[in-house]
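This is what each chain is made of:
There are 2 protein chains.
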Amino acid sequence: MSRVLIIGGGGMVGQKLAARLLNEGLPGHSEPDITLFDVAFPPNGVVGATHKTGNLSRPGVARDLVSERPDFIFHLAAIVSGEAETDFTKGWDINMMSMWHLLEAFRNAHDTSGGSYVPKVVFTSSIAVFGGPFPDKIDDEFLSAPQTSYGAQKAISELMLSDFSRKGFVDGLSLRLPTICVRPGKANLAASSFFSGIIREPLNGKEAILPVESSVRHWHASPRSAAGFLVHAAGLDTARLEGRRALNLPGLSCTVEEQIEALRRIAGQGVVDRIKVKHDPDIIRIVQGWPRDFDPARAVSLGFSAESSFDDIIQTYIAEDLSNVSA
Amino acid sequence: MSRVLIIGGGGMVGQKLAARLLNEGLPGHSEPDITLFDVAFPPNGVVGATHKTGNLSRPGVARDLVSERPDFIFHLAAIVSGEAETDFTKGWDINMMSMWHLLEAFRNAHDTSGGSYVPKVVFTSSIAVFGGPFPDKIDDEFLSAPQTSYGAQKAISELMLSDFSRKGFVDGLSLRLPTICVRPGKANLAASSFFSGIIREPLNGKEAILPVESSVRHWHASPRSAAGFLVHAAGLDTARLEGRRALNLPGLSCTVEEQIEALRRIAGQGVVDRIKVKHDPDIIRIVQGWPRDFDPARAVSLGFSAESSFDDIIQTYIAEDLSNVSA
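Heads up: the protein sequence lines correspond to chains D and C, in order. Following the numbering used here, the numbering of the first sequence begins with 1 at its first residue and continues without gaps. Following the numbering used here, the numbering of the second sequence begins with 1 at its first residue and continues without gaps.
Source of the hints: derived by calculation from the structure; they are not laboratory data. Warning: the hint list may mix true and false statements.
Just so you know, same-sequence chains aren't split out, so a pair can sit in one copy or run between any two.
Below 20 Å or equal to it, Euclidean Cα-Cα: the simulated SDA-like pairs (lysine to any residue) are [as the list claims (entries may be wrong)]:
(1) Lys167 with Ala239
(2) Lys90 with His101
(3) Lys276 with His232
(4) Lys90 with Gly303
(5) Lys186 with Gly205
(6) Lys206 with Leu302
(7) Lys52 with Glu85
(8) Lys90 with Trp100
(9) Lys52 with His101
(10) Lys276 with Arg20
(11) Lys90 with Arg166
(12) Lys52 with Pro135
(13) Lys90 with Gly168
(14) Lys278 with Leu241
(15) Lys167 with Glu85
(16) Lys90 with Arg107
(17) Lys276 with Asn23
(18) Lys276 with Gly205
(19) Lys137 with Arg107
(20) Lys167 with Gly303
(21) Lys167 with Gly82
(22) Lys206 with Gln315
(23) Lys276 with Arg298
(24) Lys278 with Glu31
(25) Lys90 with Lys137
(26) Lys52 with Ala105
Modelling step: build the complete structure from the supplied sequences, incorporating the hints.
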């Protein structure tokens, strides 16, 4: 039986992925043995998987996780962008050093196995690896020049994973996820949190704060698409990546204004009226440094797909998550 | 008086830089106090600077170096590409972790100073941060997708230095040096060593091995240009970098055949006859993954300059280094 380890399995995307794997398995692996690892888990989270609690940055934790020789590892754990910007030490510790310790644990297990153990590692990177000035659409050969600590830490983790993969210790790839929208649950410390908040809160009868101009353009995909990216990556033959193991994923480019128009079409003006504008200079500054649109030709040719309208993204939220919320 | 620290000051470029600084100083700093740090120094190296011996990867060494509050730090120390490829642990330890410990030592000194200590840090990166397939000329927005451990370690060091600089702990920039040619002295473990060897050895009456096809195209600059790049970088206002603190430097693109033609023009057929072809699959494979030509528009606009012909590069070697060799 295949073993799957989801590091960061208590987070929103980790839970979506776990639920999907419990239902559908992985391509060619119908009933995997699933372990979720995280610092904490939500009270009403998925059941049917093994839960382990711990902190990846502590000595020995990576080696302990790897000792069970998981075949597929999804590494989703991170300090989010806003917190990595305010807590410099914590961001580098969790977002970079933990990746290093994890890869060293894999290399050790590979060596101990006589070279037979080469797990598949799917790492969730981010479009925060890019920094402006940007072309109208970012193509697959555009430089990574991050303008946040979070982006730098993700870019570094990609480079480590690529080199450990090139050497044959693991078989890894990095997925530069669009901003995930609409995130269910509560706002988090990510500077991008409002992109979900302005849809989620009004649909749940609550006020939402819009901290930026409505002309801000951004790059989105739903939680359902995120889980789909991860499953597709796990089944992908990485020889097709030809040594470039970080991928810009498909998504939807739209403005905040277009997000609000979609919300109006689906839920009406009364719901839209719950959005209050209150500009936040810190968030405006961070978001200004983020990409707005992509031409993700490689990922599309490799079979990754996402939503094609923001209406679809809202409908996905309503179908999958709205009923779960206790308003 | 300004303090200058050259980490890797015992190496070839470090010695060239030290000699230049002892003669000319830095822009605006005519007689700096110069400290060279390295694991070892050449027997007939520069005099007039303080020499310190040590290993940057040992605990406390970075902090000790930083405790003297150098104003300008040139960080040139590295495990070269060939050795980083065969000794994975050593390469990551010296080329990545030492950079991390050094930056953390600077951050600590910055905090201890109440924020007033913000040293200028000039880091020698490499065109090995790039990996194929390449466009005809690599421009300033081309992605970093290294295909060697050395290249990954250099790319990661750039990202760290950029983020520590963005946060104001240091004022850093990374120079992606062309392959330095003609290197004086002996061959080293860099896979690029032969680009110098096929010029240097014949000029010194010795046989040289050419391990690749003569059609191989590569990107070169002389040791004199390398020292010039470093001095220019130390005097550069990094606000002009607009947040992109890694620069592709100017150089000369030519084939091995063109190198040999220049040698024939300058030194004659008898000297060229000392080059023996003996293909090495490992070196061929590594060199195939390297860039061949650049359009370094940003660096040129910032005032960096290099040779415009391989004849000039050979003449620089003859003028500066040939007489120093005991053939």
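Hints violated by the structure (numbers, ascending): Of the numbered hints, 3, 4, 6, 7, 10, 12, 14, 17, 19, 20, 23, 24 and 25 do not hold.
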